[in-house]
Amino acid sequence: MIKESIQDLPGGLALQTPSGAHIDSTLHAMPLQTHYYLPLVNYQRDVLQPNVSVGDKVMGGELIASGVIAPTSGTITQLTHHTWPHPSLTKVKTLTLAADGQDDFLTLPNITLCDDSAEEKLQRIERCSVHGLGGAGFNTAKKIQRVMEHNAPTLIVNAVECEPGINCDDALIQNHSVAVIEACDALCKWLNVSNALLAIEDDKTTAIEKLTQALLAQQSTMQLAPLSAIYPSGAESTLVQRLTGIQLTQGQPAAKFGVLCINVATVLAIHQAWKGLFSAQRILSVTTQDLKHSVNLQVRFGTPIDSTVQFAASVNPFIAKSLNENRASVSVGGPLSGFTQTNDSTPVMATSNALLVGAMPIKKPQSACIRCTDCATVCPVNLLPQELYSAVSAQDTDTAQRYALDNCILCGCCDLVCPANIPLTSWFQHGKDELKHQRAAEQNAVMAKARSEKHNTREQQRALDKAKADAQRRKVAAQRSQSAIDIKAALERVKNKRPSS
Amino acid sequence: MNNAFSLPTRSTGNIMMNVMLALIPGTVLMVYWFGAGIIVNISVIMLVSVACEAFVQMLRQRPATPAILDGSMLLAAWLLGLCLPPGLPLFELIIGAASMSLLGKHVFGGLGQNPFNPAMVGYAVLLISFPKTMTAWISPTEFSQAANAWDSITQATVLDRLRDLERQGLSVYEHTLSPWPWNAINVAWLFGGLYLLARGIIRWHIPIAMLLSAAVAHGLHYWAFPQHTLPPSSMLLSGAMMLGAFFIATDPVTAPSSLKARLLYGAGIGFITVALRSFSNYPEGIAFAVLLMNCAVPLLDRCFVLETKP
Amino acid sequence: MLWLTLIGLALLCTGIGYGFSRLSASGNQSDVLVERINDCLPQTQCAQCNFPGCRPYAEAIATGQANINQCPPGGDSTIEALAEVLGVPVVALNVDYGTHKEPQVAFIDEAACIGCTLCIPPCPVDAIIGSTKLMHTVIAEDCTGCELCIEPCPVDCISLVPAKPEVSQWRYPKPARAHD
Ligand code: SF4
Ligand code: SF4
Ligand code: SF4
Ligand code: SF4
Ligand code: SF4
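Protein chains in written order, with the numbering used here: chain V, 15 to 515; chain W, 42 to 351; chain X, 424 to 603.
Quick caveat, the hints were computed from the structure, so don't treat them as lab data.
The beta carbon of each residue, even a glycine, is placed where N, CA and C say it ideally should be.
A portion of the hints provided could be inaccurate.
Here are the simulated SDA-like pairs of lysine to any residue, each with C-alpha atoms no more than 25 Å apart in a straight line [to be verified]:
no.: 1; chain 1: X; residue 1: Lys524; chain 2: V; residue 2: Lys502
no.: 2; chain 1: V; residue 1: Lys270; chain 2: V; residue 2: Thr235
no.: 3; chain 1: V; residue 1: Lys156; chain 2: V; residue 2: Ala112
no.: 4; chain 1: V; residue 1: Lys71; chain 2: V; residue 2: Ala112
no.: 5; chain 1: X; residue 1: Lys524; chain 2: V; residue 2: Ser407
no.: 6; chain 1: V; residue 1: Lys203; chain 2: V; residue 2: Ala132
no.: 7; chain 1: V; residue 1: Lys468; chain 2: X; residue 2: Ser591
no.: 8; chain 1: V; residue 1: Lys156; chain 2: V; residue 2: Asn56
no.: 9; chain 1: V; residue 1: Lys446; chain 2: V; residue 2: Ser407
no.: 10; chain 1: V; residue 1: Lys446; chain 2: V; residue 2: Tyr57
no.: 11; chain 1: V; residue 1: Lys480; chain 2: X; residue 2: Lys556
no.: 12; chain 1: X; residue 1: Lys556; chain 2: X; residue 2: Pro545
no.: 13; chain 1: V; residue 1: Lys446; chain 2: V; residue 2: Ile376
no.: 14; chain 1: V; residue 1: Lys377; chain 2: V; residue 2: Ile244
no.: 15; chain 1: V; residue 1: Lys105; chain 2: X; residue 2: Ser591
no.: 16; chain 1: X; residue 1: Lys524; chain 2: V; residue 2: His451
no.: 17; chain 1: V; residue 1: Lys107; chain 2: X; residue 2: Glu564
no.: 18; chain 1: X; residue 1: Lys597; chain 2: V; residue 2: Ile244
no.: 19; chain 1: V; residue 1: Lys224; chain 2: V; residue 2: Gly34
no.: 20; chain 1: V; residue 1: Lys378; chain 2: W; residue 2: Asn55
no.: 21; chain 1: X; residue 1: Lys597; chain 2: X; residue 2: Glu503
no.: 22; chain 1: X; residue 1: Lys524; chain 2: V; residue 2: Val61
no.: 23; chain 1: V; residue 1: Lys105; chain 2: X; residue 2: Lys524
no.: 24; chain 1: V; residue 1: Lys203; chain 2: V; residue 2: Ser234
no.: 25; chain 1: V; residue 1: Lys378; chain 2: W; residue 2: Arg51
no.: 26; chain 1: V; residue 1: Lys107; chain 2: X; residue 2: Glu525
no.: 27; chain 1: V; residue 1: Lys270; chain 2: V; residue 2: Lys105
no.: 28; chain 1: X; residue 1: Lys524; chain 2: X; residue 2: Lys556
no.: 29; chain 1: W; residue 1: Lys173; chain 2: W; residue 2: Phe132
no.: 30; chain 1: V; residue 1: Lys468; chain 2: X; residue 2: Glu503
no.: 31; chain 1: W; residue 1: Lys301; chain 2: V; residue 2: Arg256
no.: 32; chain 1: X; residue 1: Lys597; chain 2: W; residue 2: Gly150
no.: 33; chain 1: V; residue 1: Lys450; chain 2: X; residue 2: Ser591
no.: 34; chain 1: V; residue 1: Lys289; chain 2: V; residue 2: Ser234
no.: 35; chain 1: V; residue 1: Lys446; chain 2: X; residue 2: Gly498
If you want the ones that stay clear, here's a sample from chain X, every Cβ over 12 Å from chain V, calculated [claimed, not checked]:
no.: 36; residue: Phe530
no.: 37; residue: Thr555
no.: 38; residue: Val578
One chain only, chain V, in its complex shape:
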């Protein structure tokens, strides 16, 4: 029931939350808000088209854009540009939903494990808008579909928190361990999983205890995989490598190798979708910047972060105190990947796993890289961040690719240890983004070139055809006029020959 001999992470950092940290694992459900803000964008930054217009009444669970569902019933009151929780701090088209207080949801029939087809199950996952709740926000149905190409896949349920200071998965397990195991078993049965693992940090003793009890009670075949609490154990590529030995490079998804690596909250969301429940909320940790106090809230997507933090303050006096000191800003995400956002009606989305009260701390002044290789020592995917840094900052994308920029998981370990305080991870994020755009531009150029070549050959052919046709016509016309002349001449001759009577 417990997996033995798990490979070590080849790097990483033992990031301990400060001693005496108080984590509140109770799930506090947020009361219904008056307004919800639903950004029309997915986390790949594709803009979505709304299915509804201003003034429409919607039911909870109604699809208001592809992949976006209404978190409650009410009226769409506005389509405006609004901030969304993204480091770009840009505004995107956002629908405002004024709740009517009824909280009516559409009803969907139950899906049963044996009676309904795989197609229906997938469709339901899609329909209930289940997205990865770990932090990347992938489309879960697509991910599962990829894994279904393999028979007897491996399932890795990821309950390792993304970063210290985030404890939403821990809270979920402590409160719903039986439901979690049920959901995992259902998924295993459906996908005919050969090897099912549940990865969790070994210092989460309460959660592990509850899971063990639930496993026994359910007679589940899941194996617990307790990992030493080294950051970033929860990242997909490192997790898959340690538990299966498969190396995911160049940003390959685990699904390609028949491994379904999926967040524990997402697994529960899938199971609930089959029961007809929409995935319109998540558990979110609100934590003070010093990581000493943390509460876990059940928040619907679209809830403004200022109300969320306010609610957290109402259940925890330390968070209230911290909020009083920093009213202006909130950081979205954990202490490593977080970014500062104004404390306003920016909404919570599927990817928002934590809010930190106050702005992210300002970095110390940086100096030149002394190539001490501390960064390489801690890199969990064996990169040479110092070399990557010099390549990326010199805009040398070829060299950056040779040093496997694609493999970087943006964990931020290198940043933390760099004695020169170089913002390495920000550089890699920038470099990856540039590379992505460059590749897209190259792809576009290739397609445009092909189309232009086709266009040119076609136009040339057309010109050629036209010239040929013209020549033909001219020839015919000439022949015709020639024959006309001939006839005329013949008639003339006949006329002349005929003796005048």
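Please build the complex by placing chains W and X with the ligands on the supplied structure of chain V, with the hints as guidance.
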């Protein structure tokens, strides 16, 4: 970055401070045996190089204080000072310090950009420009045989002993059997190096590879020409071997990135050092060995792109 | 041992030299060169370089009849790529040919379009669809934003809009460096 996790965060200045700390025991021993001239060397070079640093930062319109306070130049100055014979003329010290700072570091763009170890650049410039003073007291025959520059500092005494030995009909080489001050100083460097290893400031790959390959190369040479070679027993504790292995070759800026490349780099330095000590006209092997291997670093880095961890 | 050292160093130098020679070795055949140059160009096909498209411009560069800084849509990155392929120094974009703009696409105001089909032939990548007397429209994914369809339209109903909404264009910014 968030410092809620009590990570032992280091800064560049902090690293340099620790290295200087580790240099203290050996330096104290050197001063004990060779006099205050060592201190004069170190302080003059430090002053001049800091002045150069400030001057360059001024030219580049960048703040000078952080660049000086990061300690990298002071450390390089200290290392260069330890390599020079005491009593070197002042202007030679100034030239050495200036070439170290300007030629060794700033022409390449400052901290972190230099391909060559600055202290060794300074040393090489001095050795080539002023061979007389840099190798003072060494007789022409002795010149090609002397184990290294540091023995040259002791030549005044060793030469005396040598003459005594010759009068007694003993071989030239036997004097080197007990250069015990050097052994003691090398042990002090070794302890400094172990401190750095324990603090995680350097890693074992370069020093161990360098010492091993030097020992093997020297052993081979001794096996081939026992008459003309120092016995291996004293080799690792002679001259600048330990200082080179733990303090000079480990300079992170000029060493390769990946650990395998570092093993090769260290091995290369050890091998070339012994080769130069045995055959070249220059008494110092380590400086040129480090500079030569510095040339190979880009190639090594290219060869071991993704092999970070052993 | 000295000889061994020397031989080792000689081998090292040979290795380095071989590496460099490999780097600079490249095919000289002219059409290979034209292809390599063409692959650096953005394929917008806008003719701003004063050639009737990217490939003609590539041919002109290959035969030395044009400079590498005449392609406004490509901007600095294209110039850098060309400089590398040709082994010539990087120069600034010649603004006589135009200035570099963010990617854009054509947009036809479908209410105003009279269906005259005049915009179809100039489009170098066949991105406009429509038929006589019927509304025309631009396939945004295929349009390169070359502006060639703007001029022929008799009712001026084609305009250029930014290629993608702001948020898709956004990139993680370059962090500040120590001394910038
Ligand atoms: S940790 Fe910082 S200073 Fe050290 S090698 Fe990496 S980037 Fe350079
Ligand atoms: S951010 Fe990237 S380079 Fe830095 S430690 Fe993490 S994976 Fe390695
Ligand atoms: S200016 Fe236009 S046609 Fe000329 S090379 Fe550039 S994109 Fe192609
Ligand atoms: S639609 Fe217009 S702007 Fe777009 S590629 Fe065609 S001609 Fe150029
Ligand atoms: S040229 Fe203008 S009016 Fe004519 S078909 Fe094209 S868009 Fe319509």
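Practice prompt. Hint by hint, work out which the structure violates, then give me just those numbers in ascending order.
Written response: Violated hints: 1, 3, 7, 18, 27, 28, 30; rest satisfied.
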